[in-house]
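> Single-letter residue listing:
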Amino acid sequence: MSDDVRTAVSGDEPALIPYITAGDPSLAATAEYVEALAAGGADVIELGMPFSEPIADGPTIQDAIQRSLEAGTTPERYFELVESLDVDVPIVCMTYYNLLYQYGESGPDESDYERLRRFVARAAEAGVSGLIIPDLPVDESDPLRRACDEYGVDLIFIVAPTTTDERLAKMREQVSGFVYVQARLGTTGAQADVSDATHESLTRLAEWEVPKAVGFGVSEGQHATEIVEAGAAGVVAGSVFVDIIAGGDDVANRLEAKARELKQGALDGATTDTPKAGK
Amino acid sequence: MSTTKFGEYGGQYVPEVLMPAIEELTDAYERYVLDNEDGFMDEFRERLADFGGRPTPIQRADRLSERYDAEVYLKREDLLHGGAHKLNNALGQVLLARYMGKERIVAETGAGQHGTATAMAAAHLDMPCEIYMGKRDIRRQRPNVFRMRLNGAEVNPVTVGRGTLKEAINETMRDWATNVEDTHYVIGSIVGPHPFPRMVRDFHSVIGEEIRDGVQKKTGGLPDSLVACAGGGSNTMGTFHDLVPDEEVSLFAVEAGGDELVVDDEEGVAPHSASLSTGSEGVLHGARTKLLQDADGQIVESHSVSSGLDYAGVGPELSHLVDEGRVTPVNVDDTAALEAFHRLSRTEGIIPALESAHALAFLEDELGPDADGEHDLGEVIVVNVSGRGDKDLEAVIEETEKRDLDAAPSMEVMYE
Ligand SMILES: Cc1ncc(COP(=O)(O)O)c(C=O)c1O
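Note that the protein sequences, when read in sequence, are chains W and S.
Here this note's numbering is used: position 258 in the first sequence is 258, and no number is missing along the way.
Here this note's numbering is used: position 262 in the second sequence is 262, and no number is missing along the way.
Just so you know, these hints were derived from the structure itself, not from any lab.
Some hints here could point you the wrong way.
Said to hold, decoys possible - Partial list, derived from the structure: chain W residues whose beta carbon lies under 10 Å from chain S:
hint: 1; residue: D112
hint: 2; residue: G186
hint: 3; residue: N253
Unchecked claim - Quick partial rundown of chain W residues pointing at chain S, CB under 7 Å, derived from the structure:
hint: 4; residue: A56
hint: 5; residue: L99
hint: 6; residue: Q102
hint: 7; residue: A160
Stated by the list, open to error - Stretch-level coverage of chain W by chain S, calculated; a stretch enters the list once three of its residues show a Cβ under 8 Å from a Cβ in chain S:
hint: 8; stretch: 41 to 54
hint: 9; stretch: 67 to 75
hint: 10; stretch: 124 to 137
hint: 11; stretch: 161 to 171
Quick reminder that beta carbons are idealized off the backbone N, C-alpha and C, glycines included.
Full structure from sequences and hints, please.
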């Protein structure tokens, strides 16, 4: 089992985990943006692989996905991009189940595990350290879990504010890398404040050994501070970066500056004495 | 626990934020629908009768019977309140939402027929209701948009993609994920995560029960074949479900063949919606099923002259029954459907929905004067007229003008 993601999130400092969509507006631009995010202090980068029906994403990321698909991004080109990246930061692939399921030529009567294994093998070979599949709840995840274990790829699950204790118990057995705490109901998208659900969710997960990263709505340094103060080991932010890319102006510098702001915010949150969960 | 799958199809592939709501719904489905707790099903059946106007008739179509040299019966779901079979499910789900203590209803709609039925059911049961509808479909189905609003529902236009049913479903799922604690999503067909495909089928299975009784009374036996159009497949499964165990009854699911049965992989579009006939297995909108997708697994944009059939997926149970050989998937093209629309209107005095016209066009393809007759439909044939065509008149005028249709009335003099 690879430890890169877990180590990167649970290091001494609170972690910044930015999301951008690969191929928005082009794969060449993404390579540059990934470097900018890393330079700004990103500890793990979530790189979206575009799927035509992104039901867990809000309008900002949905538009990015559409731009990426129009630019011709395919799973294979995504993997080639990851291979070409020259950064020290683990890459986590965020995408939807159908792309995993369809990857490569499938033979007759292949099991789910055999089909998914092809995707995971290619992802691992390309240098992807973990997967986040928002439309794959733990209940359906056994075949993918098996394939991920085989190739040392982390399978990261999202805990929602609505997740019941019964479901939490199931997820606790399955999760690896880090647990992604969805800070509010709904879909991804930048918000003006940090949701109260954050504190509640972190309290419920306090005893889990994996590090917790909070996302959905994070857009400012101050949010990162509050989230780390609440006990999270990391902060996930996507739409705020995607908005910068959509703006199209001086993108790499602005991505780096935004990453720096969020990372600093997270660091500020860690200077208070609250113990960090998951350490 | 009811199983979440039909063979390998079905399941629950949704974001975690929705899983608790789906578990709650599964529990409610098992208690109220399957076990009739608190008399839910009695109340549902009573409201279907009093508000909905059930049972709907089985009518012998005399001219069609003559034309096709068979006993052709029409199941008149167009006579159900609201003008389509969709009310069975909408009423069932809105009532269930009320039993569950939900406070708000959301739904998606393609043809507008499901949106209309949901808006009516919500007004009838005094629940606030919001409907998502693709921009393109809003243009194609203006009368239904107005009807929804008359019944007090808000209609939210969806502009992404091609602005049809698929995009409207995505958007409604997002609304549901945001408001999941007090909102029920009335899904409009036998698609989506478990328990929707089973529950929606159960609410519609009254269609097949009435077919069994009606044909028994009229002929003393069972029909030889049942024909229904399949978009998501709700009227299809409603028509078939009760007779699936009767192996001697042939079941035909008629899909929208659109312009032609090809997929443009480059452009990511299919000029048809025939996912049972041409699709491959994948995961869309919460279920594993047969889909129109490209080699990478991106869902392609479908097409049909009929907005209610214009969807890249189909219900998992239908996919399963097709694999098992129990249901035969067939398709007809846009022009054949339009001709059938005009034919039924002129010869029987019934203006069918464009969706239902697909089912009727299959008879012409198989038994009409120019037919090549690939399938044995037998002597007694029941076609489900899933809805009436008032909603489609604008689209039919436009599409008829583009084509040189034999059966169509000339509109020229009207425009002078
Ligand atoms: C009259 C009518 N028939 C059929 C359909 C297709 O849906 P399904 O395949 O779920 O019955 C629709 C969809 O809106 C409809 O309005």
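> Next, verify each hint and record whether it holds.
Against the structure, the hints come out as follows:
| no. | hint | in the structure |
| --- | --- | --- |
| 1 | D112 | holds, 9 Å |
| 2 | G186 | holds, 3 Å |
| 3 | N253 | violated, 30 Å |
| 4 | A56 | holds, 4 Å |
| 5 | L99 | holds, 5 Å |
| 6 | Q102 | holds, 3 Å |
| 7 | A160 | holds, 4 Å |
| 8 | 41 to 54 | holds (count 4) |
| 9 | 67 to 75 | holds (count 3) |
| 10 | 124 to 137 | holds (count 4) |
| 11 | 161 to 171 | holds (count 5) |
Checked against the numbered hints listed earlier, the structure breaks hint 3 alone; every other hint is satisfied.
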